[in-house]
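S.K.: Sequence:
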Amino acid sequence: MKYLSVPAMFTNEYLEKLNQMNKENKRGIKIYETYGSIPGYLVGSIRPSNTLKSITKEELFSYIKKGKELGIGFNYIMNSTVLDGFEYNKELKMEVINFIKELVSVGLSKITISVPYLIKLVRKYFPNLHIVASICMEISSLQGLEDVRELGVNSVVMAKDTNRDFKLLRNILKNKGELSIKLLCTTPCIFKCSDLIYHMNFSSIQDNKLKNSYQMTGKVIPHTAVRCQMRRLKNPVEFIKSPWIRPEDLDYYNKIGIEYFKIDGRDKTEDYNLEVINAYMNEEYDGNLLYLMQNYYPKNSLEFLTIDKLPNFKLGVFLDNKLLNNFINYFYNEGNPCNEGCQNCNYCENWKEKAIQIKDENIEKYMKVLLKEEEERFDI
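So the sequence shown is numbered by my numbering: it starts at 10 and just counts up by one.
If you are wondering where the hints come from, they were derived from the structure by calculation, not from laboratory data.
Please read these numbers as outputs of a predicted model, since none were measured by experiment.
No false leads were slipped in.
Cross-link-like lysine-lysine pairs, in silico, DSBU-like; alpha carbons within 35 Å at most:
1. K218 <-> K66
2. K243 <-> K374
3. K102 <-> K220
4. K11 <-> K133
5. K77 <-> K264
6. K102 <-> K277
7. K220 <-> K374
For each label pair, taking beta carbons as the anchor points, the in silico distance ranges come out as:
8. L311 <-> Y134: 50 to 58 Å
9. D369 <-> E78: 47 to 55 Å
10. K176 <-> K66: 42 to 50 Å
Where a beta carbon is used, it is the ideal one built from N, C-alpha and C, also for glycine.
From just these sequences and the hints, can you work out the full model?
M.R.: Okay, structure coming up:
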């Protein structure tokens, strides 16, 4: 079996659609949970609260109950990577514990945490609650796995950069014991990005109490977004090197023993998320693979060809998913020396030439915007 963890959109209609997908699927794939949080509440998450749907506690509780009725669990995300120290204040600690008690009382199935101290705290007061070690903990080794096992977690979302390291994944699975291992499929992130920790921390403070000290004003594009896009557009091979997992490639991971997969998108629309989920439920997608990572890329070849006539801006890069068949074989057979650098390997470069198309004029216009932002970023 394969199990999908998908973003919560907090409507009964959305849950009903997911339930229908489960009923109709004949491929041995099930949506087993949705995940989400109340924006800006207590610990927070790594999604800025202004990008998330605003919900009340009562709406959340009702949503959890509805999902439980349909056999779809709920995973509360409490994975901010930086806090203001409130976790050491007795009254505020109790506020977190009491909130989790409320969640458990209405049917919470799992909770995802990044801070080791909070994992131990939650485990002390909730010995039977399923705790997930967040992807933000960057677990990428057996030593890291043993460390979080000692903390008391039940599941681990592996660091995204491990997705193509099948030698490591096989070793992790061999030594996981009773732990469940989950991989994120829809990551647009640059492989081994040096901005990763800063980006997680910067996003975290926009969804917890540290937001009160937030100094950024106006419509400024964060450094992480500017640098990330510029790196990819200057070196399109980075689109190939990003550790995404194609819908068609779930079987490769399932064969070695990985059953749990995560779809990103809490900050996206319901309709978009349903499109992405449907692709992974069917294990097939005919279009731009990058669209499954971010909705500002053209969806298909028609949108790419008519990009200048589209009502909303789309970034002119097209990674033809159908041309990527067999791409994963090299990694599955442990041919990847990725951690040793790309100097003696042209594998991704060769696939870039085969599968990527770029609208030069569109990209040139966008690069001018990014360059202006970068120049202003370092002005004093």
